[in-house]
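Asker: Could you put the whole structure together from the sequences, leaning on the hints where they help?
Spelled out, the chains give:
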Amino acid sequence: MSERKATIASRVGLHARPASIFAAAVGEQTTEVTIGLETDPAEDAMDASSILSLMSLGASNGDVVVLRAEGDGSDEVLEALVKILETDLDAE
Amino acid sequence: MQNFTGVGVSPGRIIGSVRQMPKPISEPPAGDRLDPSKSADEATGELRAAAKTVQAELQRRAEAATGASKSVLEATALMATDPMLIKAAVKLVATGTSTERAIWESGASVAEMLHNLGGYMAERATDVLDVRARIVAELRGVTAPGIPHSDVPFILVAEDLAPADTATLDPKKVLGLVTSGGGPQSHTAIIARALGLPAVVAAVGVDALADGTEVYVDGAAGTLQVGPGDEQRKAVEAWEHVAASLSVFDGNGATADGHLVPILANVGGAADAVKAAEAGAQGVGLLRTEFCFLERDTEPTIDEQVVAYRGVFDAFPGKKVVVRTLDAGADKPLPFLTDSTEPNPSLGVRGYRTDMTSPGVLKRQLTAIATAAEASSAVVWVMAPMIATVDEAADFAAMCRVAGLKTPGVMVEVPSAALRSASILTEAEFVSLGTNDLTQYAMAADRQLGTLAALNSPWQPAVLQLIQLTVAGSIAEGHNKPVGVCGEAAADPVLAVVLVGLGVATLSMTSRSMSAVGAVLKSVTLEEAQGLAELALSARNADEARTRVRAGLPILEELGL
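Chains as they are written, first to last, in the UniProt record's numbering: chain A, 1 to 92; chain R, 1 to 561.
Just so you know, the hints here were simulated from the structure itself, not pulled from any lab data.
If you're wondering where the values come from, they're calculated on a predicted model, not measured in any experiment.
Ideal Cβ placement from N, Cα and C applies to all residues, glycine included.
Each hint should be verified, as a subset may be incorrect.
[Claimed, not checked] Computed from the model, here is a short list of chain R residues facing chain A with C-beta under 7 angstroms:
1. E74
2. A75
3. L117
Answerer: Okay, here's the thing in structure tokens:
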């Protein structure tokens with residue numbers, strides 16, 4: 001089990017556009033990735049490839065989320081996904 | 001008089017007749033069971049296929065959409081096959097529930113969850129319900145819900161609009177928007193503002209208005225009145241004057257009869273490009289790459305160029321960006337490329353010709369453009385300046401293909417290229433008329449000499465005839481390859497109408513001119529533009545051409561142009 005923390009950089013939080021960019025990026029991975037708020041228990045984590053899950057997470061700008069994945073190469077996958085979350089996607 | 005009050009979200013006063021959105025897809029009855037002849041696996045397969053179809057359709061619409069509606073549609077498209085939505089439905093199907101009922105219930109619980117989150121998320125609940133209705137429509141084999149068709153413009157009344165609806169909304173048909181639901185952050189509000197349509201949301205009771213009812217809508221006050229009188233008609237008139245003077249480009253270049261003429265921007269760098277995109281440019285018709293090269297003693301590296309081009313491409317995701325390769329020489333000398341001792345620099349080694357004296361610079365630039373294009377979603381076309389012969393066009397096209405650039409074109413600014421456009425277009429995929437240089441060369445009048453300003457007018461019938469010949473060449477070539485204009489002529493709203501009448505496919509200009517050009521273009525039909533072009537072509541001189549065309553465009557006075 002790999003785990004990475006990321007701070008949401010998008011000004012509006014993990015909402016429609018940033019959420020769709022992130023969900024699409026997770027969808028391209030073969031590894032299953034979950035996402036949860038740092039303050040929530042690990043078993044409440046949700047499917048990170050689901051835009052609806054991401055939106056229901058309600059993560060705002062500055063919130064810390066935890067990404068989790070299992071299996072080969074999951075470290076690299078999480079590393080790349082953390083970068084996306086830590087970019088201000090609204091600015092692009 | 002019956003009045004309704006809601007929240008005004010986009011200003012404007014209009015009178016028009018009501019058209020209600022079609023009734024939404026009806027709810028599949030509770031407890032609706034799966035057809036016993038069908039296995040749960042088969043049914044799940046159908047459900048997933050329907051979701052995929054809906055996603056593809058929404059994605060297709062997203063590609064055609066721009067700005068705010070595009071990103072919303074992209075998010076909605078993702079929802080259609082979202083694991084959260086589909087997995088819950090698949091579970092229900094496995095217990096024997098019909099596919100329609102399963103997606104219905106699954107959509108309802110997702111929408112409820114978003115609704116309970118409140119604020120922005122609550123307003124996204126509409127998107128989920130829209131996706132659900134589309135999937136049910138797909139499963140039933142019926143048409144998806146959408147905006148009604150009408151030959152006359154109307155005021156669209158709905159419960160609320162979903163992104164899929166708003167993206168297909170034709171601002172030429174819809175005069176204004178009134179919804180019984182929705183809020184100031186709803187799609188209805190976002191889209192209305194983007195399109196400059198008067199809109200009122202949360203006007204309870206408007207769903208009961210019959211189709212065809214004449215109403216007055218005030219998008220600033222947030223009111224709707226049935227059976228408007230003189231007072232309201234005066235208010236509409238007054239608004240029309242204000243709106244005209246405030247007019248911003250709506251991002252849709254077209255004639256009154258809907259002949260599309262994309263209005264693109266001329267830009268010289270990333271900051272320019274961002275501004276142009278904000279102003280509604282439908283793409284970039286001329287990216288002057290000199291900005292990378294000017295005020296330098298040495299050639300910029302490929303990496304430096306890639307970064308500079310990316311900045312522009314990223315401002316126009318999914319849209320056309322026409323890059324002009326380095327146009328050094330004459331009024332734009334570069335120490336490492338051009339010879340400042342030439343006696344006649346306008347007729348010297350400039351534009352594409354610098355590849356003869358400094359081979360490699362162009363090749364490296366094309367590599368940089370291709371690299372930047374690959375990493376971006378902009379549709380990148382590339383063109384060479386100062387092409388005079390078909391052999392030059394062929395050589396340039398070959399260099400582009402080697403670099404991996406699929407859409408090579410050339411500028412038509414040397415009269416020989418205008419005369420030989422049919423043959424040049426067998427090698428190039430498009431041409432773009434640089435009317436400034438074309439005029440200077442056709443009239444043999446230096447652009448920089450004030451004394452010759454009268455000769456240097458793109459209204460000169462000879463210049464117009466060269467433009468006409470260029471279009472005729474494209475028609476003769478037979479593959480409908482586009483002829484655009486990226487010179488100052490396109491920024492003149494009066495001349496722009498003539499250019500469209502002559503058969504020019506796109507107009508590219510400074511972004512400030514887009515709203516005026518767009519507004520004047522919308523006031524004429526293609527046939528009228530063709531008539532005005534004929535009048536200009538047959539004029540005795542530039543002044544007469546201009547006077548004749550102005551007389552045929554009453555909107556100029558209204559707009560104060």
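Asker: Hint by hint, which ones does this structure get wrong, listed from lowest number up?
Answerer: No hint contradicted; all consistent.
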